[in-house]
Structures are given as C-alpha cells and as structure tokens.
Amino acid sequence: MNFHPYPYHPGYYPQAMDPYRDHSYMPPTEDHSMERQPPALERRITAVERENERQSREINRLNQEINRINQEINRINRELTRLSRNDERTTRRLNRLNQRLRAVEGRLNIPYSATEDGF
Numbered sequence: 001m002n003f004h005p006y007p008y009h010p011g012y013y014p015q016a017m018d019p020y021r022d023h024s025y026m027p028p029t030e031d032h033s034m035e036r037q038p039p040a041l042e043r044r045i046t047a048v049e050r051e052n053e054r055q056s057r058e059i060n061r062l063n064q065e066i067n068r069i070n071q072e073i074n075r076i077n078r079e080l081t082r083l084s085r086n087d088e089r090t091t092r093r094l095n096r097l098n099q100r101l102r103a104v105e106g107r108l109n110i111p112y113s114a115t116e117d118g119f
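Residue numbers (UniProt numbering): 1 to 119.
Source of the hints: derived by calculation from the structure; they are not laboratory data.
Yeah, the Cβ is synthetic: ideal placement off N, Cα and C, and Gly gets one too.
Some hints could be false.
Unchecked claim - With beta-carbon atoms standing in for the labels, derived distance ranges:
#1 R85 x V48: 51 to 59 angstroms
#2 T90 x R54: 28 to 36 angstroms
#3 R61 x R100: 53 to 61 angstroms
#4 Q71 x R100: 25 to 33 angstroms
#5 N77 x L41: 49 to 57 angstroms
#6 V48 x E88: 30 to 38 angstroms
Produce the entire structure from the sequences given, and follow the hints as far as they go.
What follows is the structure, given as structure tokens:
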C-alpha cells in the first residue's frame, strides 16, 4: 500500500467550489446589509411610490368626473326621449286633425290644395 503524507494523490488537487455549477447553492445570508437598499435606490422607490399615489388620486378624480358626466348624459337622454314622445303625439294629433279637416272640406266641396299652409 502506497501511503502519501497528503490527503490527495500527487497531481490531484480539489476543485474550487463553483457556486453556479450546483443550482441548490444559496449564498450565505448572514450579511444584514442586504436588508436595506442603497440610499439612492430607496429614494427612487419612495419617489415612484409617491408618484403612484398621486396618479391613483388623479384616476379617482377623473372617474368621479366621468360618473358626473354620464349622469348628465343620462338626464339629457331621458329629456330627449320625453320630447320625442311629445313630438310623436303631436304629429299623430296633427295628422288626425288634418284628416278631419280634409273630410270636412270634402263634405263642403272645398277643393284641396297641397300648397295651402303646407298641408
């Protein structure tokens, strides 16, 4: 038996640990400085969060304005519908009156002229 005073055979040296070779390798986490971001990054994150809050408030304000406008549009649509119904009723009434007038004119032998008063 060949006995060597070193734990490895001559010419063989242990491989250095490659942290990227083994996917289960996790770097040590005792370094508590990793818990805090660098000050510039923290300031940037805070600025982005403030901008996000400002944009959120603006979106809420715009949504409220949109709701108010939609309510006004609905009110106008209801009024237009009401007026349209009134116009339809008035048109039907005028048509009935015009028919009655023609019937009376026919009984009285009054000639009908389309240019007269637009009827």
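Structure-based check of each hint:
1. R85 x V48: 51 to 59 angstroms: Holds, at about 55 angstroms.
2. T90 x R54: 28 to 36 angstroms: violated (54 angstroms)
3. R61 x R100: 53 to 61 angstroms: Check passed, 59 angstroms falls within 53 to 61 angstroms.
4. Q71 x R100: 25 to 33 angstroms: violated (44 angstroms)
5. N77 x L41: 49 to 57 angstroms: holds (52 angstroms)
6. V48 x E88: 30 to 38 angstroms: violated (58 angstroms)
Checked against the numbered hints given earlier, the structure breaks hints 2, 4, 6 and satisfies all the rest.
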